[in-house]
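**Student:** First to last, the protein sequences are chains F and Z. Start counting the first sequence at 1; every next residue gets the next number (my numbering). Start counting the second sequence at 111; every next residue gets the next number (my numbering).
Read the hints as simulated data drawn from the structure, not as lab findings. Check before you lean on any hint, since a few could be wrong.
Claimed, not checked - Sample of chain F residues lacking proximity to chain Z, with all beta carbon distances greater than 10 angstroms (derived):
hint, residue
1, ALA17
2, SER25
3, SER28
4, LYS52
5, SER107
6, VAL108
Claimed, not checked - Straight-line C-alpha distance at most 27 angstroms; calculated DSSO-like pairs for lysine-lysine:
hint, chain 1, residue 1, chain 2, residue 2
7, Z, LYS151, F, LYS102
8, F, LYS3, F, LYS52
9, Z, LYS124, Z, LYS176
10, F, LYS102, Z, LYS174
11, Z, LYS151, Z, LYS130
12, Z, LYS174, Z, LYS130
13, F, LYS105, F, LYS52
14, F, LYS3, F, LYS102
15, F, LYS69, F, LYS105
16, F, LYS3, Z, LYS130
17, F, LYS3, F, LYS105
18, F, LYS105, Z, LYS151
Backbone N, C-alpha and C define an ideal beta-carbon position, used for all residues, glycine too.
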Amino acid sequence: DAKTTQPPSMDCAEGRAANLPCNHSTISGNEYVYWYRQIHSQGPQYIIHGLKNNETNEMASLIITEDRKSSTLILPHATLRDTAVYYCIVELAGSYQLTFGKGTKLSVIP
Amino acid sequence: GAVVSQHPSRVICKSGTSVKIECRSLDFQATTMFWYRQFPKQSLMLMATSNEGSKATYEQGVEKDKFLINHASLTLSTLTVTSAHPEDSSFYICSARATGTEYGYTFGSGTRLTVV
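Starting from the given sequences, assemble the full structure and let the hints guide the process.
**Tutor:** Structural data, given as structure tokens:
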């Protein structure tokens, strides 16, 4: 199973774009990249996922490099409510299990 | 979207007693559900995979006789912490996946267990 590497913490000014990087250099061709976030004392919340192409939804954009070895989650206009731990996860092929790393603690600052 | 309901959200129990946590998929059927545990300031750790109509699959180091999992229907999985001890105090979270990839995995809101 491919593992991910994320910075432990990041700060972002309110209203600015938050760009959260993730390295997954050992990802295989049939593994998806998922992003979740966890606000304190709540269950993780699904944000977005992708395989090869860039993806966008109402919450965020996901940019995956052409070699698929890294990706970036973009929150276009961060708000205080976006303060959370963000997890980048690669789905184990065929096992339908998510393995959580330590994630990135994003702090949105007024 | 897919919703997973988890109850109770918070429970306090005495050492030696058992606690049951329920996880329901509200608007979809889930043949597989997952149970995680999260200690303070740590990430989620997968405990077991719950399979409808069959035995759960436990991760290494998780005692199956202590953490009983029942998945009797396509919408309900339960985790029972038997003979709870203070070291079992943790945040327990379930998740399930709706058919199709558009929703990813949906998580319950979690259960804060405190054993006193």
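**Student:** The structure should be examined with respect to each hint, and the outcome stated for every one.
**Tutor:** Comparing the hints with the structure gives:
1. Listed as a non-interface residue, F:ALA17 keeps its Cβ farther than 10 angstroms from every Cβ of chain Z; the least gap is roughly 23 angstroms.
2. Once the 10 angstroms rule is applied to beta carbons, F:SER25 is consistent with being away from chain Z; the minimum gap is 20 angstroms.
3. Against the 10 angstroms criterion, F:SER28 stays outside the reach of chain Z, whose nearest CB is about 17 angstroms from its own CB.
4. F:LYS52, annotated as away from the interface, keeps every beta carbon of chain Z farther than 10 angstroms; the closest lies near 13 angstroms.
5. Distance to chain Z confirms F:SER107 as a non-interface residue, since its nearest Cβ pair spans about 15 angstroms, more than 10 angstroms.
6. Its beta-carbon lying about 20 angstroms from the closest one in chain Z, F:VAL108 satisfies the requirement of being farther than 10 angstroms from that chain.
7. Between Z:LYS151 and F:LYS102, the direct Cα distance comes to roughly 9 angstroms. Compliance with the 27 angstroms bound is thereby established for this hinted pair.
8. The hinted pair formed by F:LYS3 and F:LYS52 meets the criterion: a straight-line CA distance of about 17 angstroms does not exceed 27 angstroms.
9. Pair hint Z:LYS124 plus Z:LYS176 holds up; C-alpha atoms about 16 angstroms apart against a cutoff of 27 angstroms.
10. With a C-alpha separation of about 26 angstroms, the suggested pair F:LYS102 and Z:LYS174 falls inside the 27 angstroms cut-off, and the hint holds.
11. Our distance criterion of 27 angstroms between C-alpha atoms is met by Z:LYS151 and Z:LYS130, whose separation comes to about 24 angstroms.
12. The hinted pair formed by Z:LYS174 and Z:LYS130 meets the criterion: a straight-line CA distance of about 14 angstroms does not exceed 27 angstroms.
13. This hinted pair checks out: F:LYS105 and F:LYS52 have alpha carbons roughly 26 angstroms apart, not beyond 27 angstroms.
14. For the suggested pair F:LYS3 and F:LYS102, the alpha carbons sit about 11 angstroms apart, so the restraint of at most 27 angstroms is met.
15. A threshold of 27 angstroms between alpha carbons decides the hint, and for F:LYS69 with F:LYS105 the separation of about 22 angstroms falls inside it, so the pair holds.
16. For the hint linking F:LYS3 to Z:LYS130, the alpha-carbon distance of about 33 angstroms lies beyond 27 angstroms, and the restraint is violated.
17. For the given pair, F:LYS3 sits about 18 angstroms from F:LYS105 by alpha-carbon distance, which is consistent with the 27 angstroms threshold.
18. For the suggested pair F:LYS105 and Z:LYS151, the alpha carbons sit about 11 angstroms apart, so the restraint of at most 27 angstroms is met.
Of the numbered hints given earlier, the model fails hint 16 alone.
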